[in-house]
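Trainee: Chains as they are written, first to last, in numbering that gives the first Met the number 0: chain A, 0 to 884; chain B, 0 to 110.
None of these hints come from the bench; they were simulated from the model. Heads up, some of the hints might be wrong.
Computed list of lysine-lysine pairs in DSS-like fashion (alpha-carbon distance at most 25 Å, straight line) [said to hold, decoys possible]:
| # | chain 1 | residue 1 | chain 2 | residue 2 |
| --- | --- | --- | --- | --- |
| 1 | A | Lys215 | B | Lys84 |
| 2 | A | Lys477 | A | Lys502 |
| 3 | A | Lys215 | B | Lys87 |
| 4 | A | Lys170 | B | Lys87 |
| 5 | A | Lys454 | A | Lys96 |
| 6 | A | Lys448 | A | Lys96 |
| 7 | B | Lys84 | A | Lys170 |
| 8 | A | Lys231 | A | Lys334 |
| 9 | A | Lys464 | A | Lys480 |
| 10 | A | Lys464 | A | Lys482 |
| 11 | B | Lys12 | B | Lys96 |
| 12 | A | Lys448 | B | Lys87 |
| 13 | A | Lys448 | A | Lys215 |
| 14 | A | Lys482 | A | Lys502 |
| 15 | A | Lys755 | A | Lys454 |
| 16 | A | Lys442 | B | Lys84 |
| 17 | A | Lys170 | A | Lys157 |
| 18 | B | Lys84 | A | Lys448 |
| 19 | B | Lys70 | B | Lys96 |
| 20 | B | Lys70 | B | Lys13 |
| 21 | A | Lys96 | A | Lys42 |
| 22 | A | Lys638 | A | Lys689 |
| 23 | B | Lys84 | A | Lys96 |
| 24 | A | Lys96 | A | Lys442 |
Residues from chain A that keep clear of chain B, each with C-beta distances beyond 10 Å, as calculated [said to hold, decoys possible]:
| # | residue |
| --- | --- |
| 25 | Thr46 |
| 26 | Phe81 |
| 27 | Thr204 |
| 28 | Arg264 |
| 29 | Ala297 |
| 30 | Asp323 |
| 31 | Ser358 |
| 32 | Val403 |
| 33 | Leu535 |
| 34 | Asn566 |
| 35 | Ala571 |
| 36 | Asp628 |
| 37 | Lys781 |
If you're wondering where the values come from, they're calculated on a predicted model, not measured in any experiment. For glycine and all other residues, C-beta sits at the position ideal for the given N, C-alpha and C.
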Amino acid sequence: MTAISKEQEQILTERAHSLTRQARLSAAVFSQYSQAQVDRIVKAMTTCAIDNAARLARMAHEETRMGVTEDKVLKNLVASEFLYAQIKDKRTVGVIKELPELNMVEVAEPIGVILGLAPVTNPTSTVIFKSICCAKTRNSIIFSPHLMAAESSNLAAKLIYEAALEAGAPKGFITWVDKSSRLRRLSEILFAHPEVDLIFATGGTQMVRAAYSSGKPALGVGAGNTPVYVHKTANVPSAAMEIIISKTFDNGTECPSEQTLIIDREIVDELISEFRRCGCYICDEAEVEKIADAVIDARTGGMNYRLVGQPANLILEQAGIKVDRHIKMILCPLKGELRLHRLAVEKLMPVLGYVAVDSVEEGINRALDINYGGGTGHTAGIFCEDDGVIERYADAINAGRIIVNSPSSIGGLGGVYNHLNTTLSFGCGTGGGNITTDNVGIKNLLNYKRVPRRKNYVISFQTTKNIYSNPGSIEHLKSLKCKNAFVISSRSASRRGHLSMVKESLPEGCHVDVFSDIGTEPDFPTIQRAVQAMRLSKPDAIIALGGGSVLDAAKIIRLFYDYPELNVQELAVNFLDFHHRMVEFPKDMRTQLVAIPTTSGTGSEVTPFAVLKDGFRKVSMIDECMIPDVAIIDAQFTKSLPREITSDTAFDALTHALESLVSTFSSDYTDGLALEALRLIFEALPETLKNPGSILHRHKLHNAATLAGMAIGNASVGVNHALAHALGARFDIPHGRANGVFLLSTIEYNAQIPSKFVSIPCYPLWVADRKYARAAQFIGLKEEAHAVDSRPQVEDPHFATEGSRGQYDGMVLALRRAVYDLGRLAGQPLSVSELGIDLADYQAALPELVETAFSDMSVRSNPRYCLAPEIVQLFQAAYAPRVRP
Amino acid sequence: MSTKKDEGKTTDKKIERVRIMGSLERAVDEIDRLLAGSTDEVEIDFSTCTFIAVEGLEWLEELLLRADSVKRTVRFVNVPPTIYKVFKISHIESLMKAAGGVSSTKLGPAC
Chain A
0 MTAISKEQEQ ILTERAHSLT RQARLSAAVF SQYSQAQVDR IVKAMTTCAI
50 DNAARLARMA HEETRMGVTE DKVLKNLVAS EFLYAQIKDK RTVGVIKELP
100 ELNMVEVAEP IGVILGLAPV TNPTSTVIFK SICCAKTRNS IIFSPHLMAA
150 ESSNLAAKLI YEAALEAGAP KGFITWVDKS SRLRRLSEIL FAHPEVDLIF
200 ATGGTQMVRA AYSSGKPALG VGAGNTPVYV HKTANVPSAA MEIIISKTFD
250 NGTECPSEQT LIIDREIVDE LISEFRRCGC YICDEAEVEK IADAVIDART
300 GGMNYRLVGQ PANLILEQAG IKVDRHIKMI LCPLKGELRL HRLAVEKLMP
350 VLGYVAVDSV EEGINRALDI NYGGGTGHTA GIFCEDDGVI ERYADAINAG
400 RIIVNSPSSI GGLGGVYNHL NTTLSFGCGT GGGNITTDNV GIKNLLNYKR
450 VPRRKNYVIS FQTTKNIYSN PGSIEHLKSL KCKNAFVISS RSASRRGHLS
500 MVKESLPEGC HVDVFSDIGT EPDFPTIQRA VQAMRLSKPD AIIALGGGSV
550 LDAAKIIRLF YDYPELNVQE LAVNFLDFHH RMVEFPKDMR TQLVAIPTTS
600 GTGSEVTPFA VLKDGFRKVS MIDECMIPDV AIIDAQFTKS LPREITSDTA
650 FDALTHALES LVSTFSSDYT DGLALEALRL IFEALPETLK NPGSILHRHK
700 LHNAATLAGM AIGNASVGVN HALAHALGAR FDIPHGRANG VFLLSTIEYN
750 AQIPSKFVSI PCYPLWVADR KYARAAQFIG LKEEAHAVDS RPQVEDPHFA
800 TEGSRGQYDG MVLALRRAVY DLGRLAGQPL SVSELGIDLA DYQAALPELV
850 ETAFSDMSVR SNPRYCLAPE IVQLFQAAYA PRVRP
Chain B
0 MSTKKDEGKT TDKKIERVRI MGSLERAVDE IDRLLAGSTD EVEIDFSTCT
50 FIAVEGLEWL EELLLRADSV KRTVRFVNVP PTIYKVFKIS HIESLMKAAG
100 GVSSTKLGPA C
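The following block holds chain B by itself, in its conformation from the complex (with noise of 0.2 Å):
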C-alpha cells in the first residue's frame, strides 16, 4: 500500500496497487477485495498480464462502473502494449480512460 497527496488538499489518499500475474482472471477475487475495503483509489498493475479473455473485458468494464458507483478510482497501470492494444480494439471507453489512454472513437477514414 502506498499513500499519495493531493495537489492542494492536505488529506491522503489510500492507493492500493495489485499486479496480475497471467492471466487476468487470477486478480479478479483480490480487486473485488480491495474495492468493497476503504482504498481510495485501486492501481492495477498489468506489467505481468500476459491474456485477457472477453470475459476479463466485461469483468473490467463492469468494475469500473461499481468504482464509479462508490466513488473509487480504477486505474490501471504499466500496461504493456498487447493489452493495451485489446484495449483499443474493444473500443470500450471506459477501459481506455482507466489506462490513461486517448478515446478509442473512430473519426472515419482520413488520410
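So that you can see chain A by itself, here it is in the shape it has in the complex (with noise of 0.2 Å):
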C-alpha cells in the first residue's frame, strides 16, 4: 500500500467534509416531509431500481467476476420490489403506532447522517436495499463501496438518487465516495467523522470491525458458517433441490447459504444420489482434500477469496479435478473430527460439506459444532416434518434466522419464502459482535420516542358483600346457611354471654365448635392451632367473634384452612402498589367467613386487612380474599364495653376516618365514607361516654367504625399508624390507643405543604390541607381565625416548609383542636408521655420505632411523603405531654 502525503490526506478530509456536510444539510431538510412526500420518494426510486435491474446486476458481474448475473437481477429485484411491498404502507413519519392499549404511541425519530458500506459480493443490491431504507426513514446515506465494486455501486447509487431527486427528496441525501486509491482512506476518515451519525455496515469482517471500532453507533453484520440439518422426516428430493437452489445462489455469495448439511444416516444416500442426479459431483475422500486444497486459504484457515463466488466447474478444475459436464455444486463428505476439518468453515462458493449421523441429539451437536464454528447468530436452517424436532434444533442453535424447509440464503433474504424482512444487512446478535439478530432494515433505521400518556388509574371499591346493621341483627345467622359453624373468639367473649348470643341465633340443628384462644395480639402458632382444630371440625362457615385481632386472626385462619399450601412469610412480602405487588393470593375462597365485630373500632369485619403479630414487628396480609363474606353489625355486642376501650377503639376509627380522608388513595367513594364516620364519632363518642347503655348512640359508633372500615379498606391510612404499629408493637399498647397519641401531629405534619410530594398517578395534587379543612366543616366547626395569624405557636415547627401557611389553617386547626377536646373529654391519652412511658426508654427505642415506622406500607399512602427525618420527628414531637393546640 502507497503512502499518503500530508496534502492528499488534506483533500481526503476535505472531500470527507464536503460529503458530510452535503449528508447533514439533506438530513436537516428531510426532517421536514411528511409521509406522503416520503412515500412517494420511495416509490421513484423503487421503480427506478427495477427498471435497472438487469443493467446493474450486469454491471455487477462483470466489474467483481463474482456470481451470476441472472442470480444478480433477482437480488436487486428482492432489494427493490420485495422491499417496496414490505414497507410501503410502513408509518415511518410522525407517530408510527399507537398503542391503545399503554395509553402511548411511538413517533419516528430520523437517524440523520448514515455511513453505508456495501460490500463486493453484493454491490448493487445492497446499495438499492439501503438507499431506499435511508430514503423511507428520512436519513441520508453517504455510500462507501468495496473497491473492487465501486463503479457499479455507485451507478446504483446515483441512478436512485436521481430518481429520488426528480421525485422531490432533499439534495445531497445520497452521496458516495468515488472510486479511487484513496477510497480505503477516505472511507476511515468518514468511520470517525463526527457529522456521521451511524455506520450501516455491511462487508467483509476487517471493515464491520472498523466500523464497530469508530466509536459510533454502527449496524454490522456478522460472519456466516450456516448449519443445515436434514432430518430423515424431510422430503429428501424437495430437499436437494432447494439446497441446490439457495447453494447455486449467486455462486454461492449470500452469507446465510448453507457451508455443512447434517444429515440423518437413514436418508443420506438417498439425498446424496439425488444431489448426484440433479447434477452435483460428489467427491470422495482424496478429492475432498484437493478441494480443501484448493478454496481453504492455507494461511489463514478460511477461505480463499480468489474462489469467492465462482461456479462449480472452475473450482474443481482449480483443485485439479477433472470433469467434462456442467456441475451445479460439489459436495464433500467430512470425515473425522468435525470441528477440526478444513472445509466447516464459511465458502462462499458452491462447495458444500455434509456429514451423516445416528440420532437427532448428534445431528443438533453437529450443526452447533458448524454454528460455532464461525457463525454464531447469523443462520441455520432445517429440513424436517417434525414440528418438535424442529423446536429442539430451533432452540439450540444460536442463529438470527433458522431457515425451515426452504432455501437458507434465499429464505434468509426475507420476502420471498418467508415473512422476514427482505435484508441485505444480516444482523448476528452478540453471538457475531452485533447489537441485533435483526434482519436489519427501515425498523433499525429510525430512533423511536415513546410518548406514554399518564397511567389511567382504575379506582375500584371493594367491601363485604352482605352487612347487616341495626341492634338485633345478630338475627340474621338464623338464615345462615351452614350445617357446621365454627366460632372463633377470645376468651372474654363467653364471660360476656356474646358465646351465647350467637350459639343460639344460629340455625336450628347446626353443630358449632369454638375456638376461643386469640389474645389480644395473635401470632402464627395461634393461627396454626385453630387451623388445625377446624381441620378436625370440618366447618362450613367460620364466625369471627370479637374486636380486631380476633376478626383478623379468623380472616387469616380461613385462609390457611382452605388453602394449607400457602406461606405466610411469602404472603406478608411488603408491596408500593397493590396493582404490582408481586404476592398472589387466592382469587376464591371456599368457606365463608361471618364477621361479628364487638368493638367500635378497627372496621375489620369490611376490609382486606389482617394483622399478625411476628415477634417485636406486625405483618400485614392485604387482599380482596380476605374479605368476609357477611357482616353484622350489631351494637347489642357493645353495651357493656368498658368506658377505656370505648374510648381506645373510637379513636381507632377516628384515625381510620381521618387518615383516609387524606389518603393517596382516597377517592369520592371513600370521601363520603371517611366524612360520615368522623361526624358520628363526634356525635356519638361524648353522648356514649356519658351514657354507656344509650344503644343508640353505641350503633352510631358501631356504624362508624364500620363506614371507617370500609373506607381503609379501600384508601388504606397513614403515617399515623406506622408510627402507632411501631410504638403499639415495641411497648404492648392498644391499637386504638396508640395511634389517639399520634394525631394531633400527624394532622398537623400532613397539613404542611410537604418537604416532599408524594410521587403516585393516583394522586396528581396534593390537598390534604383542603381535605381537613373540608373535615373539620362537615363536622360543623367554624374557621379559628386567630391560628390564621399566629402560626408560630403551633408545637412542631419542623413539620413546616416555607410558605406552607395557607388558606385552610384555620380550619385545620379547628380539627385540632376539637381532635384534642374529644380525647380529653374521653380521658384518652394523645402523647406517648400520657401513656406512662419513660422517656429514656422512649429514646433507647427510637431508633428501632423509626426503622420500624419506615417500613411500614401505611407511610406509602401518606399524602406527605415521609422522609426518615421526619419520622424521627413525628415520634419526638409526640412524647410530651399535649396542651391545646
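Two chains, two frames, a set of hints: combine them into the complex.
Mentor: Here it is, written out as C-alpha cells:
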C-alpha cells in the first residue's frame, strides 16, 4: 500500500467534510417531509431500481467477476420490489405506532447521517436496499463502496438518487465515495467523522470491525457458517433441490447460504443420490482434500477469496479434478473430527460439506459445531416435518434466522420464501458481535420516541358483600346456610355472653365448635392451632366474634384452612403499589366467613387487611379474598364495653376516618364514608361516654367504625398508623390508644406543604390541607381565625415548610382542637408520655421505632412523602404532654 | 420599517422586517435588496415559513456571511419549531446564532 502524503490526506479530509456537509444539510431538510412525500420518493426510487435491475446486475458481475448475473438481477429485485411490498404501507414519519392498551404512542425520529458500506458480493443490491430504506426513514446516506465493486455500487447510488431527486428528495441525501486508490482511507476518515451519526456496515469482517471500533453507533453483520440439518422426516428430493437452489444462488455469495449439511444416516444415501442426479459432484475422500487445498487459504484457515462466487466447474478445475460436464455444486463428505475439518468453515462458493448422523441429538450437536465454528448468530437451516425436532433445533442453535424447509440463502433474504423482513444485512446478535439479530431494515434506521400518557388509574371499591346493621341484626345468623359452624373468639366472648348469643342465633341443628384462644395480639402459632382444630371440625362457616384481633385472626385462619399450601412469609411481602405487587393470593375462598365485631374500632369486618404479630413487629396481609362474606353490625355486642375500650377503639376509628380522607388512594367513594364516620364519632362518642347504656349512640359509633373500615379498606391509612404500629408492637399499647397519641402531630404534619411530594399516579394534586378543612366544616366547626395570624405557636414548627401557611390553616387548627377536646373528654392519652412510657426507654427505642415505622406499608399512602428525619421528628414531637393547639 | 434605540446610544437603528410566506426561496430577492440598501438590521420573520430546502440553508448561511462583511445584522425571528429543528440538525452555527438559539455543537453522549 502506498503511503498517503500530507497534502493528499488534507484533500481526503476536505472531501469527507464536503460529503458529510451535504448529507447533514439534507438530513436537516428531510426532517420537514411528510409521510406522503417520503412514500412518493420511495416509490420513484423503487421503480428506478426495478428498471435498472438487469443493467446493474450485469455491471456488478462484469466488475467483480463474482456470482451469476441472473441471480444478481433477482437480488436487485428483492432489494427493491420485495422490499417495497413490505415497507410501502409502513409509517415512518410522525406517530408510527399507537399502543392504546398502554396509553402510549411511538413517534419516529430519523437517525441523521448514515455511512453505508457496500460489499463486493452484493454491490448493487445492497446500495438499492440501503438507499430505499434511508429514504423511507428520512435519513441521508453516504456510500462507501468496496474498491473492487465501486463502479457498479456508485452507479446504483447515482441512478436511485436521481430518481429520488426527481420525486422531490432533498439535494445530497445520497452521496458516495468515488472509486480511487484512496477510497479505503477516505472511508476510514468518514468512520470517525463527527457528522456521521451511524455506520451501516455490510461487508467483510475487517470493515465491520473497523466500523465498530470507530466508537460510533454501528449496525454491523457477522460472519456466517450455516449448518443445515436434514432430518429423516424431510422430503428428500425437495430438500435436495432447495439446497441446490440456495447454494448455487449467485454462486454461493449469499452469507446465509448452506455451508455444511448434517444428514440423518437413514436418508443420507437417498439425498446424495438425488444431488448426484440433479447435477452435483460428490467428492471421494481424496478429492475432498484437493477441494480443501483449493478453496481454503492455508495461511488463514478461511476461504480462498479468489474463488468466492466462482462456478463449481472452475473450482473443480482449480482443485485438479477433471469433469467434462456442467456441475451445479460440489459436495464434500467431511470425515473425522468435524470441528477440526478444513472445510467446516464459511465458503461463499458452491462447495458444500456434509456429515451423516445417527440421532437428532447428534444432528443438533454437529450443527452446533458448525454454528459455533465461525457463524454464531447468523443463519441456520433445517429440513424436517417434525415440529418437535424443529423446536429443539431452534432452541439449541444460536442464529438470528433458522430457515425451515426452504433455501437458507434466499430464505434469509426475507420476503420470498417467508415473512422475514427483506434485507441485505443480517444482524447476528451478540454471537456475531452485533447489537441485533434482526434482518436489518427500516426498523433499525429510526430513533423511536415513546410518548407515554399517564396511566389510567383504575379506582375500585370492595367491601363485605352482605352487611346487616341495627341492634338485633344477629338474628340474621338464623338464615345462614351452614351445618357446621366454627366460632373464633377470645375468652371474654363467653364471659360477656356473646358466645351464647351467637349459638342461639345459629340455624337449628347447626353443629358448633369454638376456638376461643385468640389473644390481643395473635401470632402464627395461634393461627396454626386454630387451623388444626378446624381440620378436625370441618366447618362450612367460620364465625369471627370479637374485636379487631379476633376478626383479623379469623381471616388468616380461613385463608390457611382453605389453602394449607400457602406460606405466611410470602403473603406478607411488602409492596409499593397494590396493582404491581408480587404476592398472589387465592382468587376464591371456599369457606364462608361471618364477622361480628364486638368493638367499634377496627372495621375489620369490612376490610381486606389482617395484622399478625411477628416478634416485635406486625406483619400485614392484604387482599380482597380476606374480606368477610357477611358482617353483622349489632351494637348489642358493644353495650357492655368498658369506657376505656370504647374510647380507645373510637379513636382507632377516628384515625381511620382522618387518614383515609387524606390518603393518596382516597376517592369520592371513600371520602363520603370517612366524613360520615367522623361526624358520627364526634356526635356519638361523647354521648356514649356520658350514657354507656345508650344503644342508639352505641349503634352510631358501631356504624362509624364500619364506615371508616370501608374507607380504609379501599383508601388505606397513613403515617399515623405506621407510628402507632411501631409503638404498639414495642410497648404493647392497644392499637386505638397508640393511634391517639400521634393524631394531633400527624394532622399538623400532613397539613403542611410537603417537603417532598408523593409520586403516585392516582394522586396528581396534594390536597391534604383542604381535605382536613372539609372534614372540619363537615362536622360543623368554624374557622379558628386566631390561628391564621399566630402560626408560630404551633408546637411542631419543624413540620412546616417555607411558605406553607395556607388558606386552610384556620380550619385545620379547628379540627386539631376538636380532636384534642374529644380526647380530653374521653380521657384518651394524646401523647406518648401520657401512656406512662418512660422518656429514657422511649429514646432508647427510638431507632427501632423509626425503622419499623419507615418500613410500614401505611406510609406509602400518606399524602406527604415521609422522610426518615421527619419520622424521627414525629416520634419526638409526640412525647411531651399535649396542650390545646 | 421600525426603529429601535440602542441602549446608551443616541442614534436610532433602522430595522426592516421581511416575512417569509411559504418556502424561503420566495423571499430571497427581497432580503437581498434590503441588505443592499441602508438598513442596519434585517429581521427575517419565519412565522409563516413552511419549508426550507438545502439550497435555502446554504443561502441563509451565505447571507449571514455577507451581512457580517458589510457590518449589518440579520436576525431570524418567530422561527417555528419545524424550521428551528432544521437549523438545529444542520449544525450550522451562524444559523443558530441568528435565530437566537444556543450552539448545536455536539458534546457527545452523556446521561
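Trainee: List in ascending order the numbers of the hints, as given earlier, that are violated by the structure.
Mentor: Going through the list in order, the structure violates no hint and respects every one.
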